[in-house]
Amino acid sequence: MKSNKTCKYCGALLEKDWIALNKKLLNPNVKEYACLSCLADDFDCSVEDLKIKIEEFKENGCTLFK
Amino acid sequence: MIYADNAATTKLDSEAFEAMVPWLLDEYGNASQPYAFARKPKKALAEARAIIAECINVLPEEIFFTSGGTESDNWAIKGSAFADTEKRATITSAFEHHAVLHSCEAIERLGYPVSYLMPTADGVITEDALGGMISNTTRLVSVMFANNEIGTIQPIKELCKAAHLHGALFHTDAVQAIGHVAVDVQKLGVDMLSASAHKFYGPKGIGFLYIRKGTNILPYIDGGTQERRNRAGTENVASIVGMATALKENCVSMSKNITYVQGLENLLLDSLETSHISFARNGGDQKLPGLISLSFAGAKGEVILHRMDLMGIYISTGSACNNTNIEISHVLQAICLEETLAKGTIRISLGKNNTREDVEHIVNSLTKILH
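For the record, the sequence lines run as chains A and B.
Residue numbers 131 to 196, in the numbering used here, belong to the letters of the first sequence in order.
Residue numbers -3 to 367, in the numbering used here, belong to the letters of the second sequence in order.
Simulated from the structure, these hints should not be mistaken for lab results.
Keep in mind that a hint or two might mislead.
Here are the computed lysine-lysine pairs in the DSBU-like style, where the Cα-Cα straight-line distance is at most 35 Å [claimed, not checked]:
1. Lys200/B <-> Lys181/A
2. Lys364/B <-> Lys138/A
3. Lys200/B <-> Lys188/A
4. Lys7/B <-> Lys181/A
5. Lys135/A <-> Lys364/B
6. Lys364/B <-> Lys188/A
7. Lys146/A <-> Lys364/B
8. Lys74/B <-> Lys7/B
9. Lys200/B <-> Lys183/A
10. Lys132/A <-> Lys364/B
11. Lys200/B <-> Lys7/B
If you anchor each label on the Cβ, the simulated ranges turn out as follows [stated by the list, open to error]:
12. Thr351/B <-> Ile182/A: 22 to 30 Å
13. Tyr31/B <-> Lys181/A: 50 to 58 Å
14. Glu145/A <-> Glu11/B: 48 to 56 Å
15. Gly294/B <-> Glu145/A: 23 to 31 Å
16. Ser167/A <-> Asn360/B: 21 to 29 Å
17. Asn360/B <-> Glu145/A: 29 to 37 Å
18. Asn212/B <-> Asn157/A: 51 to 59 Å
19. Ser167/A <-> Thr255/B: 43 to 51 Å
20. Lys181/A <-> His367/B: 21 to 29 Å
21. Asn157/A <-> Leu106/B: 44 to 52 Å
22. Glu323/B <-> Lys146/A: 18 to 26 Å
23. Asn132/B <-> Lys188/A: 53 to 61 Å
24. Ser167/A <-> His272/B: 30 to 38 Å
25. Thr351/B <-> Asp174/A: 14 to 22 Å
The C-beta atom is built at its ideal place from N, Cα and C for all residues, glycine as well.
Construct all of the structure, not just a fragment, from the sequences and the given hints.
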């Protein structure tokens, strides 16, 4: 689901799960967010790795991803 | 991939794997049967029991094979509690593994009193603490040999002596220590000791409980006559042989491994300081080599764990997000670690298979995450 927020690096429109992932992997209080592609660049991992993480956090009931 | 969670489990030694194979394929006979096809597995069990006994300096008949550390702890706690209707009290520490703590909670629900010793800030259970709690109604004292989260090695010999002075039995959960540091049961004086093979480069699902000859303890699993009627169930010959092979190998190379792993630990700590990363090390002076509990004030252990996971580095944390709150582990709570440090605590557990390059990668990753 898309939000009205954009990536701080590339300006892409962000999905709500991506914002939750920023909070989960950086800081719950973070105010600026990155899209999955820019986050993957920042973390030296693949977009697929981040998608798997999102699914795992959802499976574990993390409320950030509701 | 960098595996730095050796306190959670270890990679099976290739020697142990090779030793297991014949018992999984051709020599699959049930060791308890009275025919010729059972003779080889029966002999293998006897040899494995003798090897393990020699490694910890006990008699072979004092070794009982179990499914692992959890079963061994359950047996020691429950089996000894239920064996005595007069002396019913148990003493343990507040930062034991859950296999001990939940076993104690189970006997408490059945009316057996349990008291919990608090460790010092360094993670040590002192003789004084035990002395203030123990009485002549104490049936069992159970204190872990080394803590699984912070690595602190306990003064087991002294605690055991104090227990015996009051006529109590002494059990130690030595799951983290066996195969990594010298464990001589005769020198320690303990009555029972739990161990698990997968913590010392053996297979998963196998372990043992040492029970000193003459100890009054009930069998834990009812069924057949295996383990001299003390622990029923068809013997897992392959895993038992693998466990004995791994334990012998790691006892023989223990000094070398300790020196090597301690060198990696020193490199990691020195490199963190060189990288100007501020951290606190938990666990006091006497610790397991390679088990490194680090707290980073203001950071979040869970964030570090997931970020390192994305970099292919596997570690553990002392706190976890429980849906809405950050839950601090019972161990860090027991040592009264300050909340900002506790929330930022990770456990790196290095082993003999790690390299200096692994440590350099770990430090580089931590530097990136924390700066």
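If you test the structure against every hint from before, which numbers come out violated?
Nothing - there is no hint that the structure violates, so all of them hold.
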